[in-house]
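Asker: Spelled out from the first residue to the last, the chains are:
Protein chains: 2
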Amino acid sequence: MPRRADPAERRRQVAEALLRVVEADGLDAASLPAVARELGATTGLVQKYFRSKDELLLFAAGHLGDLARTRVHRALTEAGDVGIEEMLLRGMSVVAGAHPDTRDAEGRIWLAFVARAAFHPGLRELHLAGAREIRDRCRNALAEAVRRGEADPDLDVQAAATALAAFADGLALQRALEPEQFTAAVVRGLLRGCLDKIFAANGGPK
Amino acid sequence: MPRRADPAERRRQVAEALLRVVEADGLDAASLPAVARELGATTGLVQKYFRSKDELLLFAAGHLGDLARTRVHRALTEAGDVGIEEMLLRGMSVVAGAHPDTRDAEGRIWLAFVARAAFHPGLRELHLAGAREIRDRCRNALAEAVRRGEADPDLDVQAAATALAAFADGLALQRALEPEQFTAAVVRGLLRGCLDKIFAANGGPK
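Sequence order for the protein chains is A and B. Everything in the first sequence is counted per the working numbering, starting at 15 for the first residue and increasing by one. Everything in the second sequence is counted per the working numbering, starting at 15 for the first residue and increasing by one.
Hints listed in this document are in silico derivations from the structure and should not be mistaken for laboratory results. Just so you know, not all the hints are guaranteed correct.
When chains are identical, the list treats them as one kind, so a pair holds in a single copy or across two.
Claimed, not checked - List of simulated lysine to any residue pairs, SDA-like, C-alpha gap at most 25 Å:
hint, residue 1, residue 2
1, 67, 55
2, 62, 51
3, 67, 30
4, 211, 77
5, 211, 97
6, 67, 163
7, 62, 24
8, 211, 162
9, 211, 103
10, 67, 88
11, 62, 79
12, 67, 77
13, 67, 47
14, 67, 100
15, 67, 22
16, 67, 57
17, 211, 166
18, 67, 26
19, 67, 50
20, 62, 136
21, 62, 20
22, 62, 37
All chains should be built: construct the whole structure from the sequences, respecting the hints.
Answerer: Now the structure itself:
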């Protein structure tokens, strides 16, 4: 790895090396020695920044979450003055792994971490905080759409937000397994169809 | 394991032992020696039935698929003479891990196999065949609903089937991670809401 870097930057470099190992060979392969090899460094150097594989896994999962948050923030900022449906399409495209910057292979990295979270209390806690954040942001966006008159006043905002978040996870899962069929454009089209149904209830079918 | 059993029964017993190991400790822990320990047998005996962990993984994944098919078949048979929406609710509840017989812990076993399939060509092929089967059965059911006048004649049957299958996968994923919040009843309620929207288009909102 590059000679000069502050500790925070070093930790990010190590986490990114871990993600490259996971992308190539899966999460089981991602031992500290394998990460060190990927960096062209010694295992001892990696252990200067992460005492255990567990600590590295948690940091890398947090790094993945931050990457998604940054993409959502940028996608919403770039959107300019658009309606809530368009904002939700942009944000949930990131969750579904269908943001234009998302490489196909990122899906299987995400899926490896999610599956591991089902057995790993620390990763699970981190995953659940992210899942709650997504559902809350959907619910707030849908409530705002109702206030603005963009969505049906009778919309069950909580149920719609929960369903939308589950749909995005399912699309991300299918995209991770079948990136050739579930291209980013196909996934965005399916998200658009789901959102159209929520928003079309206001003022009849589009 | 029990003394007397034919080879097919023995293979099922070994696969079920593997699934118990996966349920407890994840897919990484599921080595042939660990499966032998779970069976109270020697690794050599396990190897009489499966030459490699890979062969055992593929067989166990096929066994999981057969279990799901059996549950769907039974759920549809027990339904008697109901409409297509109810049939889809029953079948897709199995896919979403929300069939009344599905234990909470089964979700993380399924998720472990799906995540591994993203890195394992043989498992991926098996997974994709299952995913295609689910989408095809949804598409056929929705086409039949249109023919019977139970759904809108303008329904895009292919898109609706693809979206429904993705939604069920997302629910299964969330149920695997949060079985306390996404109980079987909650998941069936969310599936019902999704199906109501597809079927309500015929003859106005229910």
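Asker: Determine which of the earlier numbered hints do not hold for this structure and return their numbers in increasing order.
Answerer: Of the numbered hints, 4, 6, 10, 14 do not hold.
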